[in-house]
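Sequences listed follow chains R, W, Y, X and P, in order.
Take the first sequence: its position 45, counted from the start at 1, is 45 in the numbering used here, and no numbers get skipped.
Take the second sequence: its position 202, counted from the start at 1, is 202 in the numbering used here, and no numbers get skipped.
Take the third sequence: its position 222, counted from the start at 1, is 222 in the numbering used here, and no numbers get skipped.
Take the fourth sequence: its position 185, counted from the start at 1, is 185 in the numbering used here, and no numbers get skipped.
Take the fifth sequence: its position 11, counted from the start at 1, is 11 in the numbering used here, and no numbers get skipped.
I should point out that these hints are in silico values taken from the structure, not numbers from a laboratory.
Some clues are possibly wrong.
[Stated by the list, open to error] Below, computed lysine-lysine pairings styled on DSSO-like, alpha-carbon distance capped at 27 Å: (1) Y:Lys319 / W:Lys96; (2) Y:Lys71 / W:Lys181; (3) R:Lys61 / Y:Lys159; (4) Y:Lys59 / W:Lys175; (5) R:Lys173 / Y:Lys57; (6) X:Lys82 / W:Lys204; (7) W:Lys70 / Y:Lys319; (8) Y:Lys71 / W:Lys175; (9) X:Lys149 / X:Lys71; (10) X:Lys71 / Y:Lys71; (11) W:Lys94 / Y:Lys71; (12) X:Lys15 / Y:Lys159; (13) Y:Lys292 / W:Lys115; (14) R:Lys61 / X:Lys15; (15) W:Lys94 / W:Lys77; (16) W:Lys115 / Y:Lys254; (17) W:Lys181 / X:Lys71; (18) R:Lys99 / R:Lys61.
[Said to hold, decoys possible] Per the computed footprint, the stretches of chain Y lying under chain W, defined by three or more beta-carbons under 8 Å from a beta-carbon of chain W, are: (19) 315-321; (20) 337-345; (21) 353-359.
Just so it is clear, the structure is predicted and the values come from calculations on it, not from any experiment.
Even glycine gets a Cβ: it sits at the ideal position worked out from N, Cα and C.
What follows is each chain in one-letter form.
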Amino acid sequence: MTAPAPLTDSFLERVPLLVRDFITGWFPEPIRWVVAGLLAALTILLVFATIFALLTLLERKIIARVQNRPGPNRTGLPWLPFTEGRVFGLGQPLADGIKALTKEDIVPRDADQVLHFLAPVVLVAFSLMTFAVIPFGRNLVSVDLDAAVLFFFAAGAGTELAVFMAGWSSHNKYSLLAAMRALAQLISYELPLLLSVVPVVMLAGKLSTTGIVAAQAGWKFGFIPRWFVLSPWGAAGFVIFFIAALAESNRSPFDLPEAESELIAGHLTEYSGFKYALFFMAEYFGMMALSGLGVTLFLGGWQAPLPVLEVIPSYLWFGAKLMLLILLFMWIRATLPRLRMDQLTRLAWKFLVPLALINLGNAAFWHLSAAWPGLPLQAVRYAIGVAVIVIPFFLIGRRLSAGVAPRTYRYAP
Amino acid sequence: METPEQIRDRLLARFPGATVTLVVNPGASGQHSLLLDPANARAIAVFLRDDPVLRLDYCSNATGVDWPEKEIVETTKVSVPDPAGGAPKIVEQKTKRIQPGYLEAVYHLYSMALKTGPVIIRLRTGNRTDQVALPSLTPVWRACEFQEREIFDLYGIVFTDHPDLRRILMWDEFKDHPMRKDYVEPDDYEWEPTAHDEVLVRAKAHAAAAAPAPVAPPPAEAPQP
Amino acid sequence: MIESPSSPLAPLAGAHVRAVHDAFHGDLLEVSMGPHHPSTHGVFRMMVTLDGETVVKLKPVFGYLHRNHEKLGENTTYLGSMPYTDRLDYFCSMTNNWAYALAVEKLAGQAVPDRAEYLRVILAELTRLLNHTCLAGFLLQDAGASGTPLMYAFREREKILDLFESLSGSRMMCNYQRFGGCRVDPTPAWFDAARRVTEEYPRFLDEYEALITGNEILMARTQGVGRLSAALAVSAGITGPMLRACGVDYDLRKAEPYGFYSRFEFRVPLGDHGDTYDRYMIRILEMRESVKILQQALRDIPAGPIFDSKAKIRAFRPKAGEAYGRIEGPKGEIGFYLISDGTGNPYRYRIRPPSFVNLTVLEDMCLGHTIADAVIILGSIDIVLGEVDR
Amino acid sequence: MLGSGIIQGLAVTAKNLVGSFHDPARFTTTQYPEERTKLPENYRNFPFLVADAANDPIGSLRCVACQICEKECPPQCIYIEKSKDKKPDAAGKQQFFPAVFDIDTSVCMSCQICVEVCPFDAIKMDQVFEIATPERFNALLLDRGQLAKPNTYYQQIHPTEAAEVDARLAADRKAGEEKAKAAAAAAAAKAAAAKAAPAAPASTAPSAPKSPAVPGTEAPKPPTTA
Amino acid sequence: MTFAFAFLAVLMVASAGVAMLLRNLIHSALLLVLSWAGVAAFYLWAGAQFVAFAQLLVYVGAISMVVLFAVLLTRRSAGSVADVEPATFARAAAGLLAAGLVGGVLGATMLRSHFPTATGEAPKISVHDIGVDLMGPQVAALLVVGVILTVSLIGAVVIAATDPAATDKEDKP
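Let the hints inform the model, and build the full structure from the sequences given.
Here it is as structure tokens:
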């Protein structure tokens with residue numbers, strides 16, 4: 001680690017380390033690292049569970065405001081003074097949680113009891129594991145693995161297993177059909193997701209997330225941060241990553257499995273009560289994990305956008321960028337209609353995968369041409385980078401949307 | 001746009017065997033109709049659709065009408081010669097006649113190509129009990145498919161070679177035809193707070209039928225299934 | 001030029017249906033969508049047979065909301081049936097009232113003063129606006145948008161319903177037209193409110209189209225889906241925007257001008273493909289034409305009585321006879337066929353509902369598409385079960 | 001290019017999101033129990049019987065139990081039993097009154113046809129909509145006592161309409177009194193003439209003064225203006 | 001450390017064994033996945049992170065899906081319990097014989113070869129070194145594996161995407 005400049009080593013930055021050392025200090029030496037691990041797991045669980053609760057409220061408020069209505073503002077915390085119980089809907093997540101807990105958990109008679117119980121558990125476990133490698137702040141990464149990105153996708157692969165178990169164990173024709181559709185969607189969008197991450201790993205030279213964030217440190221000409229998203233291949237990679245993340249977490253244009261206009265609640269039809277809430281929570285964890293990875297790989301993790309802004313601690317920067325991405329998720333959910341199953345897979349295989357491969361070549365060119373001297377050559381390098389990705393975008397885009405175009409209409413004579 | 005009379009004459013000329021009579025509409029709307037005989041109704045319908053002058057390619061409405069038996073009292077003025085050789089007296093003689101009832105299907109035809117007004121054709125069944133078959137006009141105009149199924153459902157006219165003649169509004173096990181004038185409603189009586197007129201009569205019947213429970217206030221009585 | 005189709009019931013199985021379907025294969029999935037399905041616009045049921053995802057057979061089942069409206073009509077007076085017509089297509093109570101009043105006026109030869117005719121045109125065009133706006137909202141809801149376009153549609157619909165409430169007393173159950181005119185004369189304040197709504201509507205339509213019309217996902221979901229040929233549409237008696245989307249130029253306001261429509265200058269949009277996207281776009285363009293009609297009607301509505309002097313409210317007994325009156329409702333041609341026998345009650349009271357007949361071709365349009373498309377195709381037909389089941 | 005439509009759509013939703021905070025046109029919800037929208041004057045819900053005197057509503061009902069509304073009501077939800085004896089109405093004339101006047105609000109659909117056909121302006125449309133009751137049958141059956149409301153209440157909820165009706169009734173009453181005065185004067189003159197010619201046979205008693213013009217059921221009631 | 005080793009060994013072998021004995025095909029497939037996860041944990045215990053995560057990603061993520069899809073698509077009956085033939089004496093004997101033979105061969109090779117005694121801590125190899133090694137001496141093997149995978153992928157796509165009309169012809173009796 002280079003000698004930390006005074007700003008980046010301020011007290012606020014080192015607070016997490018101090019707290020950790022203070023707590024692990026109480027325990028004898030041999031089991032100290034176990035306590036550190038448990039402490040990290042506990043904080044992640046607590047922090048992201050509360051964020052999940054607030055996100056459900058935020059999502060309903062944002063979609064409500066988009067639709068010109070106030071959103072939930074009735075549930076309140078009666079014992080709060082002078083708010084006469086109504087605190088802008090902050091009581092809503094609490095109410096939903098209690099409702100989920102007290103609702104009866106109906107399990108179909110001839111469902112596969114073991115798998116039916118195991119599916120939500122496996123889903124939440126795997127989606128929580130993915131948080132282990134995301135660096136939330138300068139000293140805030142729970143496990144600094146050497147092959148961190150690979151671990152992230154290995155943990156993410158468990159969700160497919162859980163979706164299959166949920167669909168199969170409900171012993172219901174429609175949930176099995178919906179589980180198959182969900183699997184087809186998850187598998188066909190795993191490829192663009194991985195292919196959009198490969199250029200980042202290639203240019204950063206290492207798989208460990210802290211290394212990737214470190215590779216994005218520093219500023220060009222003093223004020224342009226060296227984030228990958230600002231380079232042409234980075235921007236294209238980020239867009240592909242974001243679309244694939246939308247599909248992986250079953251969010252708006254791709255929320256086919258729970259399409260209420262078709263197979264009602266998809267593979268979640270036979271779940272109720274707390275198990276349904278667990279599935280709901282796992283979807284939000286998946287969304288937050290993928291946004292966290294997106295921030296780490298493309299938006300410079302916990303790096304501050306300007307040197308002078310370094311005074312604000314790094315984990316706040318990470319939080320801000322994470323919230324930005326999550327707002328983008330919600331904004332898209334409030335607007336876009338749903339894709340049909342065949343269009344969804346065609347978009348993945350015939351549009352995102354080719355573009356991701358071309359972007360791989362683009363990143364390689366970017367890396368090799370890094371040493372071109374002088375500003376004009378750098379501008380040419382940037383232009384080539386942009387052209388290499390934009391031209392195929394138009395070509396493949398036109399072929400993909402061949403039969404689809406706005407129309408003009410005639411009037412009766 | 002040809003008047004119904006001209007159409008009738010052309011039809012009679014074209015289909016010698018058919019009987020096409022004009023049914024005058026006494027109302028203010030002046031929409032007279034043509035009564036076709038069921039035998040060659042479909043041939044006439046195809047002609048009406050494909051005739052270059054008429055081009056009635058759009059059947060807007062197919063309706064069923066129920067005309068039950070009617071007792072017609074005709075008063076005819078008859079001059080009776082006075083037996084005493086005086087001037088013949090005009091005497092009104094009332095003859096009672098039972099006009100046989102029948103079911104009727106009325107079709108309102110329009111031309112979308114020429115944008116011309118309604119030509120109304122009527123088909124009548126033999127009687128209201130056994131001869132209730134009429135030729136279906138769905139093969140000519142697909143628009144009649146659902147409306148003829150509704151006529152079959154609510155009136156009981158059986159349309160021959162209709163592609164899918166089933167009940168459309170009532171459930172399949174339903175026996176009677178509800179729109180007929182002589183339809184008797186099932187006695188699914190439910191207690192009603194302001195029962196009056198015929199509902200009052202049914203309420204009293206049910207109150208009497210129910211076991212003479214102690215005179216409890218009526219609402220306590222469970223509504224009959 | 002509309003050539004007459006060969007027998008319209010040519011075998012429906014086209015290339016999309018796999019050649020061999022017998023019990024041995026047994027891989028067809030029988031799905032019953034409805035009557036409690038969230039996207040069937042009311043208690044409507046579709047017995048769909050699926051071969052994998054594609055629809056192989058689709059039999060609509062309705063009658064769940066059947067209360068024999070026509071028998072009720074025969075047992076009440078002519079005036080008594082007027083409030084029941086609000087309950088036919090509960091989105092467009094004003095046009096239902098007008099269709100019934102038109103038929104009875106044709107039956108009794110009843111004149112209507114000019115101001116009432118203008119009022120009827122204004123209210124009918126306002127109803128067309130709110131019906132088409134809601135249709136676009138429901139179509140997006142079926143396509144999966146989480147209710148945003150529907151909420152914008154309802155926001156605009158509320159403004160028009162406020163106009164109806166301040167005029168007739170109730171938002172949806174207006175019971176406003178009478179045989180020979182209208183019931184309540186609007187105040188100048190009402191006309192100002194109506195002009196304001198009419199002026200703001202094009203701005204809302206532009207924003208609405210920006211959200212929906214160019215959306216690639218919607219275009220991909222609706223273009224080429226549920227294609228309907230002009231010949232089959234005419235033969236199946238399809239009317240309204242669905243018919244004009246197939247390119248057939250037949251709008252009752254132009255083909256058989258009733259009321260004062262001949263005095264207003266407006267155009268009738270026509271589509272070329274007859275698919276779901278055309279049906280949606282035709283309704284958007286029709287809204288723009290309706291706004292033009294409203295502006296002209298609100299500008300030159302004359303003063304004068306709104307109720308004909310000779311017309312009677314009670315004890316209305318038209319001479320024996322029959323009449324068939326029809327108007328261009330937002331969903332298509334709604335017609336009333338009345339047979340009078342001189343008494344106070346009609347002898348036969350028949351309604352020709354547009355959505356009931358438009359459903360005839362639902363199966364022809366859905367064959368070969370996936371079940372997600374069947375939902376959108378049903379949405380584009382724009383059915384209301386109160387009118388289908390009567 | 002591919003995706004421009006989606007971006008345009010996102011721009012519209014963003015405009016609405018931001019607009020809903022400052023632009024009243026983009027925020028249409030009124031929080032019902034706390035804030036209430038003003039009801040338009042023509043708003044109609046269930047009918048009520050108009051009573052002239054506020055202190056004795058049942059006694060001063062305008063309704064003369066002519067049962068026209070009971071016959072004309074499409075869902076047949078009005079039930080009237082005419083009283084045997086009569087009572088003087090506002091214009092002093094002896095009229096029947098309804099001993100029982102029930103409206104079954106579970107059947108009534110507020111279509112105001114009863115108001116339209118009532119020749120005596122005795123029944124008008126109310127503007128109540130918070131009338132939910134726990135009990136399904138009897139609580140929804142409103143009898144004469146619950147239906148009768150004073151004319152002042154009518155003037156409060158339908159001001160212009162009430163003013164018109166009052167003016168018309170006042171004019172009818174004045175016309176009735178003048179006719180009664182004229183008839184009385186004519187009777188007096190005839191009686192004087194009879195006295196002047198005692199031998200003349202007693203002229204037939206002048207026909208009873210014609211009751212205030214009961215607008216024939218035929219004459220259409222001029223439509224109420226909003 | 002030996003406790004972790006013993007626990008992982010028991011986990012792997014037990015789950016694989018029970019997977020063989022269960023009648024419910026889906027349960028046994030999932031238990032197989034559990035044993036693969038055990039193998040990944042074993043790699044982690046041995047300190048080879050990259051191989052552990054690759055194992056987790058490939059086996060638990062992808063191949064488990066292939067196995068489950070295969071189980072679903074091959075059986076006509078909707079019932080989840082597989083119609084396993086009853087275990088007769090002859091089958092059991094054949095099974096034991098095969099196990100004995102395989103065990104014997106493996107045992108012999110292990111006994112004869114000698115393993116260098118573990119020299120304490122496992123060598124610290126970073127992913128970078130693995131990458132360089134793969135691209136350096138092992139590049140031939142990497143390319144061959146790459147080609148094989150692509151060929152099989154394209155073959156699968158061709159078989160799956162053949163024109164449905166073609167399959168109709170064979171269906172027609």
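Failing hints, ascending? 11
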